[in-house]
Amino acid sequence: MGSQEVTTASAWQGMNITVAGLGVSGISAARALAGLGASVTVVDGGDSPAHRERAVPLEQQGIAVRLADADTLPEGTDLVVTSPGWKPGSPLFEAAAEAGVDVVGDVEIAWRLRGHDGRKAAPWLAVTGTNGKTTTTRMLASILAAAGLRTAAVGNIGTPIVDVVLGLDEEYADLDVLAVELSSYQLHWAPSLRAHSAAVLNLAPDHLDWHGSMEAYAADKGRVYEGNQVACVYNVADKATEDLVRAADVEEGCRAVGFTLGTPGPSQLGVVDGILVDRAFVEDRHKQAQELAEIADVDPPAPHNIANALAAAALARAFGVPPKAVRDGLRAFRPDAHRIEHVADVDGVAWVDDSKATNTHAAEASLAAYESIVWIAGGLAKGATFDELVVRSAKRLRGVVLFGADRALIREALARHAPEVPVVELDRTDTGAMPAAVQEAARLARAGDTVLLAPACASMDMFANYNQRGDMFAEAVRELGAAGA
1 MGSQEVTTAS
11 AWQGMNITVA
21 GLGVSGISAA
31 RALAGLGASV
41 TVVDGGDSPA
51 HRERAVPLEQ
61 QGIAVRLADA
71 DTLPEGTDLV
81 VTSPGWKPGS
91 PLFEAAAEAG
101 VDVVGDVEIA
111 WRLRGHDGRK
121 AAPWLAVTGT
131 NGKTTTTRML
141 ASILAAAGLR
151 TAAVGNIGTP
161 IVDVVLGLDE
171 EYADLDVLAV
181 ELSSYQLHWA
191 PSLRAHSAAV
201 LNLAPDHLDW
211 HGSMEAYAAD
221 KGRVYEGNQV
231 ACVYNVADKA
241 TEDLVRAADV
251 EEGCRAVGFT
261 LGTPGPSQLG
271 VVDGILVDRA
281 FVEDRHKQAQ
291 ELAEIADVDP
301 PAPHNIANAL
311 AAAALARAFG
321 VPPKAVRDGL
331 RAFRPDAHRI
341 EHVADVDGVA
351 WVDDSKATNT
361 HAAEASLAAY
371 ESIVWIAGGL
381 AKGATFDELV
391 VRSAKRLRGV
401 VLFGADRALI
411 REALARHAPE
421 VPVVELDRTD
431 TGAMPAAVQE
441 AARLARAGDT
451 VLLAPACASM
461 DMFANYNQRG
471 DMFAEAVREL
481 GAAGA
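24 is the number that full-length UniProt numbering gives to position 24 of the sequence shown; each next residue is one higher, with no gaps.
Honestly, I wouldn't trust all of these hints.
[As the list claims (entries may be wrong)] For lysine-lysine, the following BS3-like pairs were computed, each having C-alpha atoms within a straight-line distance of at most 27 Å:
| hint | residue 1 | residue 2 |
| --- | --- | --- |
| 1 | Lys239 | Lys382 |
| 2 | Lys287 | Lys239 |
| 3 | Lys287 | Lys324 |
Since the hints were made in silico from the structure, they are not lab data.
Model the full structure from these sequences, guided by the hints.
Laid out in structure tokens, this is it:
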């Protein structure tokens, strides 16, 4: 089966497909492929009650589920469909390689199925990067909707993209365009993807345990540009993203379009006197600039969020969206919880939840948005170092409160580069550390300061996920405000 062709339902009939992983994307792919007539086996290394419960509806659909063994390739497998978190070196994939069996992801399956059986194939506007993907993708969808287009924000954002492409839900039938968030994992397993236009927002070390090196991580991110038709959108402030554009093999006529927080040059979007302007999608890029929106239209107007808005605007403009829709879409957009979310003001101190800042790059962007900060940080470092983050942020720090398994790494970086900043270290890794951290931060803060939860670390040492971490922060802040009322 040609991997770059739109495939019909009949092409999948009788294929023996192994799906790796009993998660959301794995279940979605298994159901879709079985519905197209494939013989599907789902394999997963787990065998918990939750795994067995998820297996039941699949088995009722005639899908085989094999638990407690994710390493052995089922006999007769024609294709393996993986879930995003599975590493390339997994024994199952090594066995597939030895057997000459291709391994692809759910995004690849969705790409092959787009427009299948004569259905309308909606173009893809793709977004990737180390940080800001979800916000930018949702901003893009808001702008597209403001232009009167039927669209959806899909992919790594939570809605299984296979379900969307197949139109299994009436909400996703006959869409005009898709705003697609793609992780490096998904791009690794999507060799045929050819987007209408795509953006790489930024690049910083992340998930290196999965990719093996920064070079491999960047290469997987860069796949999003391959075969682009209209625009490859890059970050002027992050040369690595422009390098990926230069290395990409794109359709003839596809353009490189930059976004910058400064004054834009030709073929760029940027900011002039508080106005977001476009010098890329105008008749004369050397002499003209089109006003799109004001900084005040972006919520919140933090620098990294303005960059997200510019990237979203660039993709929308590449699709032909008029300037007014950019403004209206940005005004209508509301960010998700735990992304530089203003929780409360207590005694003249602003309390901000950026629990989603799970790595140093995201935390640095968050810290750059405020002038005088009491910083709450810590958790699982995932192999990160904190020296560069501390050096760049030290002048903004009123004080720091640390908790979590790898808090010592941040404390040591602060001692090396910001020894004058007061540091409170909580020797605990339980959820009760959050109320204690809020109390300590309140003690350090002064009127006019911002207390910022931007952990720069993953949450799983203390919390179920970053959402719970942010929720507990907000709850503790509200209790603080009630106590002072």
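Comparing the hints with the structure gives:
no., hint, in the structure
1, Lys239 - Lys382, "holds (25 Å)"
2, Lys287 - Lys239, "holds (25 Å)"
3, Lys287 - Lys324, "holds (21 Å)"
Of the numbered hints stated above, none is contradicted by the structure.
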